[in-house]
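One letter stands for each residue in the lines below.
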Amino acid sequence: AQSVTQLGSHVSVSEGALVLLRCNYSSSVPPYLFWYVQYPNQGLQLLLKYTTGATLVKGINGFEAEFKKSETSFHLTKPSAHMSDAAEYFCAVSDIQGAQKLVFGQGTRLTINP
Amino acid sequence: DSGVTQTPKHLITATGQRVTLRCSPRSGDLSVYWYQQSLDQGLQFLIQYYNGEERAKGNILERFSAQQFPDLHSELNLSSLELGDSALYFCASSVDLGNTEAFFGQGTRLTVV
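Protein chains in written order, with this note's numbering: chain A, 1 to 114; chain B, 1001 to 1113.
Some hints here could point you the wrong way.
[Said to hold, decoys possible] Quick partial rundown of chain A residues pointing at chain B, CB under 7 Å, derived from the structure: (1) Y39; (2) G43; (3) L46; (4) T55; (5) R109.
These aren't lab readings, by the way, just hints derived from the structure by calculation.
The structure presented is a predicted model; accordingly, all values stated were derived computationally and were not measured.
Quick reminder that beta carbons are idealized off the backbone N, C-alpha and C, glycines included.
Chain A extracted, bound-state conformation:
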């Protein structure tokens, strides 16, 4: 069975500082990995995804993530935080066989301090 662990339910950074949200996964097959963002009272929006190929994936809003198979990790980073980045972030995994049945982590709430 697949699972996702997001380290830290709350992360707080200053505006302009590096954002690092941690995600570790468990999967018995090569995984597809995703980061979604949820703004208050909104649905989930895809930030980026890794399927195959280049392990460093760039997404929207300046975010990127690196797939590290040896560490079973897919951490999300952004060099410089902006106030508008305050939201909840979810890491998710699905298997390679198709049906995009996503298994989500518990989420990390990101707060940006002025």
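Could you slot chain B onto chain A? The hints should help.
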């Protein structure tokens, strides 16, 4: 706007009642997924339909059922509601079965009182 429409946005109902949540996928998307988001369980996959057929099932209670109609819209039926069913229910759609991007609706917030 993701293009996925969920109605209603909010629903308050009493225990024991039955409700129907509706989802219209993005134009051209054949696959519809239902997820439940609650404080204690987080985001959990419930069920997936593809072109009218059930394709995958997750942690969906027997009191819950879903279907996808010929026009590809989907309904999630929740019956014999309990307080613990209070949650945000999301619908997502994608073009096909592969690991393409799934687009999420804004959710239906169900409150059972």
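These are the hints, each one checked on the structure:
1. Y39: violated, 10 Å
2. G43: holds, 4 Å
3. L46: holds, 5 Å
4. T55: Violated, about 16 Å.
5. R109: Violated - the Cβ of A/R109 stays beyond 7 Å from chain B, reaching only about 12 Å at its closest.
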